[in-house]
Amino acid sequence: MSALEFRGVRVTYGHGRSAQLAVDGVDLTVRSGTTHGLVGESGSGKSTLARVAVGLAAARSGTVTLDGADITGRSAAARAARRRVQMVFQDPLAALDPRMPVGLSVAEGLLATGQRLSRTDREARVHALLDRVHVDPRRAGELPATFSGGQRQRITIARALAADPAVLIADEITSALDVSVQGVVLNLLRELRQDLSLTMLFISHNLAVVRYVSDEVTVMRAGRVVEHGPTEDVLAAPDDDYTQELLRSVPIMGQPLDLEDA
Amino acid sequence: MIPTLRRTLRTPQGIAVGIGLLVVALVAVFGELVFGDAATVRTIGERQAPASLAHPFGTDDLGRDLLARVLVATRLSVLLTLGATAMSVAGGVLLGVVAAVLPRTPRRLVAAFIDMLLSFPWLLLALFFSVIWGATATGAMLAVGFAGVPVFARLVNTLAASVASADYVHAARMVGSSPLRTAARHVLPNIVPPLVVNTATHASVTLLSFAALSFLGLGVQAPEYDWGRLLNEGSQRIYLAPMAAIGPGIAIVLTGVVFALLGELLSERRSGGRAGRAQRPAAAPPRQDPPSLDAVVDVAALRIAFRGPGGELVERVHGVDLHVGEGEVVGIVGESGSGKSVTAMAIAGLLGPDALVTSERVAFRGIDMTRAVGAADRRTLGLEQAMIFQDPQSSLNPALSVGLQLREVSETHARTPRRVAARRAVEMLRLVRIPEPERRLRGLPHELSGGMRQRVMIAMGLMGRPRLIVADEPTTALDVTVQRQVLRALRDAQRSTGAAILLISHDIALVSGFCDRVVVMRHGVVVEELDARRLHEARHPYTRGLIACVPDLTTDRSRPLPVLDTADEPALLEETRA
Amino acid sequence: MTVTLGSLHRASPRAAFVLRRLARAGATIAVVLVATFFLVQLVPGDPVRAALGPTAPPETVEALRTQLGLDLPIGEQLTRYLGGLVTGDLGVSVTSQRPVTAILAERLPTTLLLAVASFLLAAVGAFPIGVATAVSTYGGRRRPLDLAVSGVLGVLVAVPNFLLAVLLIAVFSVGMGALPPAGWSGPANAVLPVVALAVGPLAYLARIVHVEMLRVLAAPYLTTARSKRLPPRLLYVRHALPNIVTASLTAGGVVLTGLVAGTVLVETVFVIPGIGTAIVSSIVTRDYPLVQGLVLVYAALVLAANLLIDLALAVLDPRSAIAEG
Numbered sequence: 001m002s003a004l005e006f007r008g009v010r011v012t013y014g015h016g017r018s019a020q021l022a023v024d025g026v027d028l029t030v031r032s033g034t035t036h037g038l039v040g041e042s043g044s045g046k047s048t049l050a051r052v053a054v055g056l057a058a059a060r061s062g063t064v065t066l067d068g069a070d071i072t073g074r075s076a077a078a079r080a081a082r083r084r085v086q087m088v089f090q091d092p093l094a095a096l097d098p099r100m101p102v103g104l105s106v107a108e109g110l111l112a113t114g115q116r117l118s119r120t121d122r123e124a125r126v127h128a129l130l131d132r133v134h135v136d137p138r139r140a141g142e143l144p145a146t147f148s149g150g151q152r153q154r155i156t157i158a159r160a161l162a163a164d165p166a167v168l169i170a171d172e173i174t175s176a177l178d179v180s181v182q183g184v185v186l187n188l189l190r191e192l193r194q195d196l197s198l199t200m201l202f203i204s205h206n207l208a209v210v211r212y213v214s215d216e217v218t219v220m221r222a223g224r225v226v227e228h229g230p231t232e233d234v235l236a237a238p239d240d241d242y243t244q245e246l247l248r249s250v251p252i253m254g255q256p257l258d259l260e261d262a
Numbered sequence: 001m002i003p004t005l006r007r008t009l010r011t012p013q014g015i016a017v018g019i020g021l022l023v024v025a026l027v028a029v030f031g032e033l034v035f036g037d038a039a040t041v042r043t044i045g046e047r048q049a050p051a052s053l054a055h056p057f058g059t060d061d062l063g064r065d066l067l068a069r070v071l072v073a074t075r076l077s078v079l080l081t082l083g084a085t086a087m088s089v090a091g092g093v094l095l096g097v098v099a100a101v102l103p104r105t106p107r108r109l110v111a112a113f114i115d116m117l118l119s120f121p122w123l124l125l126a127l128f129f130s131v132i133w134g135a136t137a138t139g140a141m142l143a144v145g146f147a148g149v150p151v152f153a154r155l156v157n158t159l160a161a162s163v164a165s166a167d168y169v170h171a172a173r174m175v176g177s178s179p180l181r182t183a184a185r186h187v188l189p190n191i192v193p194p195l196v197v198n199t200a201t202h203a204s205v206t207l208l209s210f211a212a213l214s215f216l217g218l219g220v221q222a223p224e225y226d227w228g229r230l231l232n233e234g235s236q237r238i239y240l241a242p243m244a245a246i247g248p249g250i251a252i253v254l255t256g257v258v259f260a261l262l263g264e265l266l267s268e269r270r271s272g273g274r275a276g277r278a279q280r281p282a283a284a285p286p287r288q289d290p291p292s293l294d295a296v297v298d299v300a301a302l303r304i305a306f307r308g309p310g311g312e313l314v315e316r317v318h319g320v321d322l323h324v325g326e327g328e329v330v331g332i333v334g335e336s337g338s339g340k341s342v343t344a345m346a347i348a349g350l351l352g353p354d355a356l357v358t359s360e361r362v363a364f365r366g367i368d369m370t371r372a373v374g375a376a377d378r379r380t381l382g383l384e385q386a387m388i389f390q391d392p393q394s395s396l397n398p399a400l401s402v403g404l405q406l407r408e409v410s411e412t413h414a415r416t417p418r419r420v421a422a423r424r425a426v427e428m429l430r431l432v433r434i435p436e437p438e439r440r441l442r443g444l445p446h447e448l449s450g451g452m453r454q455r456v457m458i459a460m461g462l463m464g465r466p467r468l469i470v471a472d473e474p475t476t477a478l479d480v481t482v483q484r485q486v487l488r489a490l491r492d493a494q495r496s497t498g499a500a501i502l503l504i505s506h507d508i509a510l511v512s513g514f515c516d517r518v519v520v521m522r523h524g525v526v527v528e529e530l531d532a533r534r535l536h537e538a539r540h541p542y543t544r545g546l547i548a549c550v551p552d553l554t555t556d557r558s559r560p561l562p563v564l565d566t567a568d569e570p571a572l573l574e575e576t577r578a
Numbered sequence: 001m002t003v004t005l006g007s008l009h010r011a012s013p014r015a016a017f018v019l020r021r022l023a024r025a026g027a028t029i030a031v032v033l034v035a036t037f038f039l040v041q042l043v044p045g046d047p048v049r050a051a052l053g054p055t056a057p058p059e060t061v062e063a064l065r066t067q068l069g070l071d072l073p074i075g076e077q078l079t080r081y082l083g084g085l086v087t088g089d090l091g092v093s094v095t096s097q098r099p100v101t102a103i104l105a106e107r108l109p110t111t112l113l114l115a116v117a118s119f120l121l122a123a124v125g126a127f128p129i130g131v132a133t134a135v136s137t138y139g140g141r142r143r144p145l146d147l148a149v150s151g152v153l154g155v156l157v158a159v160p161n162f163l164l165a166v167l168l169i170a171v172f173s174v175g176m177g178a179l180p181p182a183g184w185s186g187p188a189n190a191v192l193p194v195v196a197l198a199v200g201p202l203a204y205l206a207r208i209v210h211v212e213m214l215r216v217l218a219a220p221y222l223t224t225a226r227s228k229r230l231p232p233r234l235l236y237v238r239h240a241l242p243n244i245v246t247a248s249l250t251a252g253g254v255v256l257t258g259l260v261a262g263t264v265l266v267e268t269v270f271v272i273p274g275i276g277t278a279i280v281s282s283i284v285t286r287d288y289p290l291v292q293g294l295v296l297v298y299a300a301l302v303l304a305a306n307l308l309i310d311l312a313l314a315v316l317d318p319r320s321a322i323a324e325g
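Residue numbers (the numbering used here), protein chains in the order written: chain R, 1 to 262; chain H, 1 to 578; chain S, 1 to 325.
Treat the hints as calculated values from the structure; they're not laboratory data.
It is possible that some hints are incorrect.
Footprint (simulated), chain H over chain R, 3 or more residues, beta carbon under 8 Å [claimed, not checked]:
#, region
1, 46-58
2, 87-93
3, 96-105
4, 184-190
5, 246-254
So the derived list for chain H, only partly shown, Cβ under 8 Å to chain S, looks like this [as the list claims (entries may be wrong)]:
#, residue
6, Leu208
7, Gly217
8, Leu350
9, Arg378
A short list of chain H residues far from chain R (calculated; beta carbon distances all over 10 Å) [to be verified]:
#, residue
10, Thr11
11, Glu46
12, Ala86
13, Val93
14, Ala137
15, Gly139
16, Pro179
17, Asp321
18, Glu328
19, Ser341
20, Asp368
21, Val373
The beta carbon of each residue, even a glycine, is placed where N, CA and C say it ideally should be.
Starting from the given sequences, assemble the full structure and let the hints guide the process.
What follows is the structure in structure tokens.
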């Protein structure tokens with residue numbers, strides 16, 4: 001059984017002769033119940049790939065399927081299937097409507113389930129979801145501005161969970177956060193994965209963070225996949241030169257940086 | 001929301017605007033009732049009287065009191081203004097929304113059409129429309145109203161486009177929120193407030209436009225009268241009775257100012273208060289111990305405060321001591337709000353006038369950085385201190401060639417001839433491994449990648465004879481592979497000049513790998529100083545937490561990350577940064 | 001088109017920018033031509049009757065209709081209109097029975113002189129004020145001066161030019177008798193109109209320059225320049241000024257087109273025989289051929305002003321930031 005599958009996905013920006021290839025024929029499989037890490041630097045196309053999966057960008061060719069059902073395109077079936085893939089964005093402040101109480105933002109996620117809930121049921125669900133991400137449910141009526149960066153990111157995670165997603169895509173969700181807050185969010189993801197057996201595509205430029213949360217890893221560069229496999233194998237013995245360079249570039253606590261071949 | 005409104009209304013400006021609006025409204029409603037008679041009674045004996053106590057603005061050619069006429073004209077002038085403003089807003093919102101929801105090609109066409117209309121001044125549009133609808137009050141209202149449509153169409157279009165590309169709208173789309181629901185729940189609530197602000201400001205413009213049209217004889221026609229017409233009639237008798245023209249003019253300007261101030265008041269409420277300037281301390285506190293002469297940087301009891309939004313002083317650095325020796329590589333590590341960057345800026349003497357610095361000592365090679373430096377010290381600083389900032393996109397001047405920016409330090413401070421400086425610039429670019437340095441010198445910064453720009457910044461610091469390079473988060477905006485190249489350039493620079501380095505970063509692993517000594521800061525205080533090779537001996541719980549909470553390539557994946565105890569922290573610190 | 005423009009864009013962003021703006025001006029001219037032609041048709045009811053009033057005898061109405069060619073089929077009217085434009089024939093004014101082109105040729109230089117002189121005054125005055133106030137108040141220094149300057153500039157922007165004109169006449173002509181209040185017979189006549197026209201735009205431009213300068217002074221690259229301990233002259237002239245060029249020029253474009261229109265009001269106050277007084281009287285008397293000609297001229301002036309600014313941008317913009325728009 002496989003959850004989210006990308007097959008030969010190509011994405012271009014612009015048109016005519018000035019068109020640029022952002023994603024160049026990527027195959028990637030996020031297997032059910034696992035966390036798949038996607039690593040790459042700026043311009044690698046990793047975020048574009050995620051946007052294709054949730055319908056925020058269009059693929060020029062190729063398919064994205066969820067349990068075999070196509071989730072690209074404009075058909076009603078594809079749209080409905082696409083709602084089962086939810087994304088959490090990099091900047092939580094931009095991802096929350098500044099004029100909407102956070103409780104309502106989380107409740108918005110419930111739309112995706114298609115269920116018609118009564119007011120009390122809805123409030124109970126929001127309460128439970130905020131509790132789930134360790135945000136005080138009594139603060140549901142407050143605006144995003146009154147929360148800290150880490151709390152905001154947990155609220156956006158709660159909104160994504162409200163949609164009852166089959167796959168959660170996390171796009172650089174700790175990059176805008178302080179390191180101490182990053183740890184809290186990563187631990188939350190661990191918890192959710194264990195408790196809800198969540199399937200996740202975890203995108204980051206930070207190899208150490210990806211390693212910490214992922215079962216499998218894919219390395220992208222300039223729109224192409226350069227290497228993929230089980231996390232331990234890829235990071236212990238990378239085949240590709242670029243993966244090796246990435247690994248070498250990660251500073252290690254208390255060890256002098258090796259800069260000779262930079 | 002409501003409390004802030006109430007607070008705004010209590011400011012002097014708020015009170016003034018409130019009173020102004022109240023007066024305009026009262027005169028508009030009751031003006032005719034009270035002054036109607038005085039405005040219509042013809043006193044043949046007092047025709048065209050100049051200003052007097054009985055008639056402050058004088059009388060017109062039928063002997064009617066002009067002050068009374070100005071007051072009575074308030075209603076028509078304000079009503080026409082409101083009518084035209086309403087038309088502009090309604091038409092603009094309609095056109096703007098249509099432009100926002102159309103498919104790509106027609107949307108671009110509508111936007112281009114709006115742009116085209118905007119390239120014409122409103123008066124030309126209004127004149128054009130008044131040809132069609134004729135020189136009447138309604139004709140003028142239509143003309144002024146239509147002339148304002150493109151302004152609001154553009155505004156709505158821009159606002160809607162910026163909201164529509166926000167991540168929270170993307171998130172709503174992902175959960176299947178219909179376009180109609182998204183528009184009602186997200187787009188409208190976020191574009192209405194700026195729209196209200198602009199409506200108030202635009203009402204002021206409309207009032208003046210109306211007066212202009214009536215003044216030209218293209219608006220309100222006799223026997224009706226608004227301020228513009230009264231001004232027109234008055235200006236024809238300006239030799240005899242200047243107040244006849246100035247009176248209506250005052251009414252126009254005052255009402256216009258009330259509307260404009262209302263707009264300003266509303267927009268200030270949205271953007272929050274203003275920052276003030278911190279006062280310099282009256283006298284420097286006495287020095288307690290002599291500065292050490294072998295130190296490149298010698299800081300004792302440094303405190304830095306900024307003016308908060310409410311005008312109160314907020315201290316961000318609470319008494320920091322720091323010492324950097326010759327050629328030493330020191331790193332300052334801390335999270336946002338730790339005060340690490342402002343400390344570095346204070347050492348470089350580059351804090352703006354809004355910062356209040358008090359200290360026992362901030363010295364760079366014996367130069368007191370807390371006061372204005374003399375010409376000789378300026379030269380020394382220019383040649384011996386180098387800075388590298390976080391954002392490579394904006395730390396080089398986009399309008400000047402790379403070569404000029406490299407050369408100017410040696411040309412200005414060392415009087416190096418241009419050709420010699422250019423040769424040195426090429427050498428320095430080579431040192432930081434920039435390919436084709438000669439060609440790069442002629443180019444502009446935007447032709448370089450982010451990593452190259454940071455390396456140009458390093459090369460720029462090497463043009464003098466640097467004793468200290470301050471690098472404030474120099475690689476945070478860069479990819480890890482590029483980070484290595486920049487750090488390599490920094491290390492090469494350090495080795496070739498023997499300069500000391502002060503590296504500011506949030507990444508403790510990076511700092512420990514690059515520096516000799518690590519200074520850990522938190523909430524404006526140095527919590528611990530450590531030898532970079534002895535991080536494992538850290539004693540302060542914050543340092544230990546900081547080291548443990550970041551996953552690295554050997555972290556045990558089966559266990560949760562240790563979490564820094566943040567329970568005792570005021571969330572405010574993070575808020576002020578966001 | 002996209003492909004060729006795209007490749008041109010890479011080869012020379014400035015040339016692509018100028019081409020794009022030329023294309024836009026061409027499209028605008030087309031729209032303006034269509035709009036002025038239909039101006040007469042858009043008048044509600046019978047335009048000829050509207051011009052002559054309800055009491056005019058039917059023969060007069062029909063005669064004017066024939067003279068204006070409004071009895072012809074619309075297609076033929078359009079051909080005649082466009083044909084006339086090509087040959088420089090804009091028709092004959094109804095009220096004065098003189099060719100519209102002759103009236104324009106007589107009045108246009110006066111208006112141009114007014115607009116250009118006021119623009120120069122505004123531009124020359126605004127830069128020093130904007131730069132000096134920004135530099136001396138940067139970072140919350142000299143708060144009272146900052147408030148005073150922004151207050152005075154704000155008031156000057158808000159006072160409409162026709163009101164200012166009336167005030168100037170009251171003070172300098174009626175009060176002091178120093179300058180003539182109206183007419184157009186010598187250089188002294190131009191002083192008050194030019195001042196009345198220039199003050200608002202000057203204050204507006206000065207404000208833009210002030211704000212832009214403050215933005216640049218707070219930019220990281222200025223901190224870089226300060227860290228080099230450059231003398232103030234280099235800091236402000238070399239590092240700051242080039243970065244306010246684009247925004248100032250764009251604002252200058254708004255000012256210039258605004259001045260072209262502003263002449264209408266100021267000419268009326270000072271009774272100056274320019275095209276401004278002509279358009280007002282022709283609208284009141286519904287002299288359609290003259291209105292059409294004047295609208296075309298004003299549109300052409302606005303387009304020319306915009307193109308001039310665009311060309312200046314293409315030459316002066318330091319880093320082809322213009323390439324984006």
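Against the structure, the hints come out as follows:
1. 46-58: holds (count 3)
2. 87-93: holds (count 4)
3. 96-105: holds (count 6)
4. 184-190: With 4 residues close enough to chain H, the hint holds.
5. 246-254: holds (count 9)
6. Leu208: This interface hint holds because 5 Å falls under the 8 Å limit.
7. Gly217: With a minimum Cβ separation of about 6 Å from chain S (threshold 8 Å), the hint on H:Gly217 holds.
8. Leu350: Since chain S brings a Cβ to about 6 Å from H:Leu350, closer than 8 Å, the hint holds.
9. Arg378: holds, 5 Å
10. Thr11: The assertion about H:Thr11 holds, with a minimum of 22 Å to chain R.
11. Glu46: Non-interface label stands for H:Glu46: nearest chain R Cβ at 59 Å, farther than 10 Å.
12. Ala86: Since the minimum Cβ distance to chain R is about 25 Å, H:Ala86 lies beyond 10 Å and the statement holds.
13. Val93: Nearest chain R Cβ is 18 Å from H:Val93, so the label holds.
14. Ala137: Since the minimum Cβ distance to chain R is about 39 Å, H:Ala137 lies beyond 10 Å and the statement holds.
15. Gly139: Holds, since 40 Å exceeds 10 Å.
16. Pro179: Answer for H:Pro179: holds, closest chain R Cβ roughly 12 Å.
17. Asp321: Check passes; 24 Å lies beyond 10 Å.
18. Glu328: H:Glu328 clear of chain R: closest Cβ-Cβ about 15 Å, beyond 10 Å.
19. Ser341: holds, 14 Å
20. Asp368: About 34 Å separates H:Asp368 from the closest Cβ of chain R, which puts it past 10 Å; holds.
21. Val373: With a cut-off of 10 Å, H:Val373 remains clear of chain R, as the shortest Cβ separation is near 35 Å.
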